[in-house]
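Student: The residues making up each chain are set out below.
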Amino acid sequence: MATYDGLFDALGLREWCDASDTRKTTTSMADLLASTGKVEETSILDLPFPSLDALNDACAAVIESRDVTKGVENGFLAIKDTLRVVLDPLTQPLSWILDGALATFEVIPWFFMFPLLALVVWFASKSLRLVGFVMVCLVFLAFVDLYDHAMQTLAIIFVCAFLCVVFGVPIGIAMSRNNRLQRAIIPVLDMLQTLPPFVYLIPLIFLFSVTEPKLYGIAIILYAIVPVIRLTDLGIRLVDKDVIEAADSFGMTDRQKLFGVQIPLALPNIMAGVNQTIMMSLAMVVIASLVSAPGLGVLVLRGIRNLELGVGLVSGLGIVLLAIILDRVTKAALDRVNAAQKH
Amino acid sequence: MSDNVKVSIRNLYKIFGANPQAALKHVLDGMSKADLLKTNGHVLGLRDINADMREGEITVIMGLSGSGKSTLIRHLNRLIEPTSGEVGVDGEDVLAYGEEKLRDMRRQVMSMVFQKFALLPHRTVAENAGTTLGVRGVSKREYLAEADKWLDRVGLHGFGNHYPHQLSGGMQQRVGIARALTSNSPIMLMDEAFSALDPLIRTDMQDLLLELQKELHKTIIFITHDLDEALKLADHLVILKDGYVVQQGEPQHILLNPNDPYIEDFVSDINRARVLRVRSIMTPLDGQPVPPDAHGEVGYDDTLESMIARSGGDTSHRYIVMRDGQPAGTLDMTNLVKALVPRVASEAAARKY
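The listed protein sequences correspond, in order, to chains A and B.
Residue numbering for the first sequence follows our numbering, starting at 1 and increasing by one per position.
Residue numbering for the second sequence follows our numbering, starting at 1001 and increasing by one per position.
Wrong hints could be hidden among the right ones.
[Said to hold, decoys possible] Straight-line Cα separation of at most 20 Å, SDA-like style, residue types lysine to any residue; simulated pairs:
| no. | chain 1 | residue 1 | chain 2 | residue 2 |
| --- | --- | --- | --- | --- |
| 1 | A | K257 | B | Q1108 |
| 2 | A | K257 | B | T1124 |
| 3 | B | K1116 | A | E245 |
| 4 | A | K241 | B | R1078 |
| 5 | A | K241 | B | R1123 |
| 6 | B | K1149 | B | H1217 |
| 7 | A | K257 | B | K1116 |
| 8 | B | K1241 | B | A1034 |
| 9 | A | K257 | B | R1123 |
| 10 | B | K1214 | B | N1004 |
[Claimed, not checked] Label pairs and their calculated CB-CB ranges:
| no. | chain 1 | residue 1 | chain 2 | residue 2 | range |
| --- | --- | --- | --- | --- | --- |
| 11 | B | S1065 | A | A332 | 41 to 47 Å |
| 12 | B | E1100 | A | P187 | 34 to 40 Å |
| 13 | B | N1004 | A | A332 | 55 to 61 Å |
| 14 | B | A1145 | A | R336 | 26 to 32 Å |
| 15 | A | V86 | B | L1028 | 57 to 63 Å |
| 16 | A | V144 | B | G1137 | 55 to 61 Å |
These aren't lab readings, by the way, just hints derived from the structure by calculation.
A virtual CB, placed ideally from N, CA and C, is assigned to each residue, including glycine.
Generate the whole structure from the sequences, applying the supplied hints.
Tutor: Below, the structure is given as structure tokens:
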């Protein structure tokens, strides 16, 4: 006797329910208890929410919650193969790029890599102090034998952040020029930003083989592309209306206006977006070690799985150092852009 | 100066709102601005504007904020599209222009100077000044040379490699003017170009503009809310109020013969001695002989202020007004004193004392 029996009886649906009742084939613990004759006293306080499972108890024609998740799964599996045929070739270059970047970072010996990174930092920031700081951090990482893992992480971040900018900036520009497109894309961005990072991984694991780099590449890009899109859109929309009007009054074409006025003036915001994108790729690259992304995340994962406290904490510190380096360098670049165009 | 009409505006209406064409019918039927806003939710920006701007003259459009003057000037290069009416430049209908032709006109025929300068912060002063040539596809070397030339003319020699934020407001607006001049366009639109500057700098800039104009003879359309500025610069003055033209004409004439309480109010606070010139208040000779008892000869374009200084305040004096070396009229100091008093003192002014 289930709680909502009465409801279905009152609605005259009993026949419809019993027609598909197949429950008698299995016997649950509750049924056994019931058959012993010990009927529990039910009070109104125990009234269950009329959920699918509760209704199913009363009427077998109502589906169970398990069927919903099952349906989603089957639905996904049904379209999986078609989706794969389309997505696989499209995303294959991502695997190549990631493999290439990882191989390149591995091939370059440390005594070339250090000066190279120092140069990059110098060109981005023009600050000797920052170059010194970055070098100290890298030397420390190399000293505790985290160099290889740190370089793998860095390689993945470089590729993913670069691709985020390549795709994100044009999307942001398109959004800034078309209100309807903006209204359509913003909910997608909201969803990407609020979905827990692990949730991205689930459908991706079904779609692609876990051994392929593009699996984590896509997860990182989807997660990290949001800020650069948002801030490009915002930056271009915030460009001084007077300057745009002036550009119009001189007869600039849309193209001249975009490249000569809007993008340069939006650059501080775009750079802030790039900074956020890099930081978010770093966050995701650690989680992506669950799906075979190499790098410091692997060590953190090992620390968790094998309860190797020291390994986990030291590699965690390595990630923090990488985060500080990436943040400081991109912020320094941003400050230079800002200084060049204060009003 | 010539009598060629360079820019003409005919029956121009601008209504802001969701359905301007429907609102236009009400306006043509005589609905007022306030009623239109209340019953239709549309804002009447401009109502039946008719004005001619002659070649080589400075036409000043004056009005308080909200009078539609900035809206009006943006119709000339179609930064704003009119609801109805005609805008003609060199006899051509600007409103019929396609996108390409309109862009050409903005590049070649009209340049604009803005109240907030609107310089590009990421480009140097010289690059900014050369923008107007740069958009036409002129090579960077050429437009920088041209820009340097005009920067020198506006008194910014040696600042070409600075960035706009390194300059003061007055200097930034000089860049704005140099940018407009670099385009070599015959028409210059100046939208409250000097309003954001402090008074002393503003006077400097007005002098600079007049000095440049003496040489270049551009057709300048200048927007301002400052009557002193308007009177100083204008060859032709158009006064706007609530989107319609209250009075237009020669500024001295408007000052002496205001046809509307709004303008009387406006002109009552003006230092008339500095603005009015001898030519506006003299008695023409009209073939009469030169009076023998005159105290001397004065210039046709002298200000009344200089006359008061010259006469030492003696109202019994009488002068002969000379124009191009010929006597043109006589000036009675008594008439001068009368001209100094507005025909109708504004109520505000009366309340003050």
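Student: Can the suggested window of 55 to 61 Å be confirmed for the beta-carbon pair A/V144 and B/G1137?
Tutor: With a Cβ separation near 58 Å, A/V144 and B/G1137 satisfy 55 to 61 Å, so the hint holds.
Student: Take the C-alpha atoms of A/K257 and B/T1124, compute the straight-line distance between them, and say whether it is at most 20 Å.
Tutor: Holds: A/K257 and B/T1124 sit about 17 Å apart, inside 20 Å.
Student: B/N1004 and A/A332, beta-carbon distance inside 55 to 61 Å?
Tutor: Cβ of B/N1004 to Cβ of A/A332: about 58 Å, so the range 55 to 61 Å holds.
Student: Is A/K257 close enough to B/R1123, meaning Cα to Cα at most 20 Å?
Tutor: holds (14 Å)
Student: For B/K1241 and B/A1034, compute the direct alpha-carbon distance and say whether it is at most 20 Å.
Tutor: This hinted pair holds, its Cα atoms lying about 13 Å apart.
Student: For the pair supplied as a hint, A/K241 and B/R1123, confirm whether the alpha-carbon distance does not exceed 20 Å.
Tutor: Holds: A/K241 and B/R1123 sit about 17 Å apart, inside 20 Å.
Student: Per the hint of 34 to 40 Å, is the separation of the Cβ atoms of B/E1100 and A/P187 within bounds?
Tutor: Holds - the Cβ-Cβ distance for B/E1100 and A/P187, about 38 Å, lies within 34 to 40 Å.
Student: B/K1149 and B/H1217: Cα distance at most 20 Å?
Tutor: This hinted pair holds, its Cα atoms lying about 18 Å apart.
Student: For B/S1065 and A/A332, compare the CB-CB distance with the range 41 to 47 Å and indicate the outcome.
Tutor: Holds - the Cβ-Cβ distance for B/S1065 and A/A332, about 44 Å, lies within 41 to 47 Å.
Student: Given the hint that A/K241 pairs with B/R1078, test it: the Cα-Cα distance must not exceed 20 Å.
Tutor: The given pair, whose Cα atoms are some 16 Å apart, holds under the 20 Å limit.
Student: Under the criterion that the straight-line Cα-Cα distance not exceed 20 Å, is the pair B/K1116, A/E245 satisfied?
Tutor: holds (11 Å)
Student: Tell me if the straight-line CA distance from A/K257 to B/Q1108 falls inside 20 Å.
Tutor: Since the Cα atoms of A/K257 and B/Q1108 sit roughly 18 Å apart, the hinted pair holds (cutoff 20 Å).
Violated hints are absent here; each numbered hint is respected by the structure.
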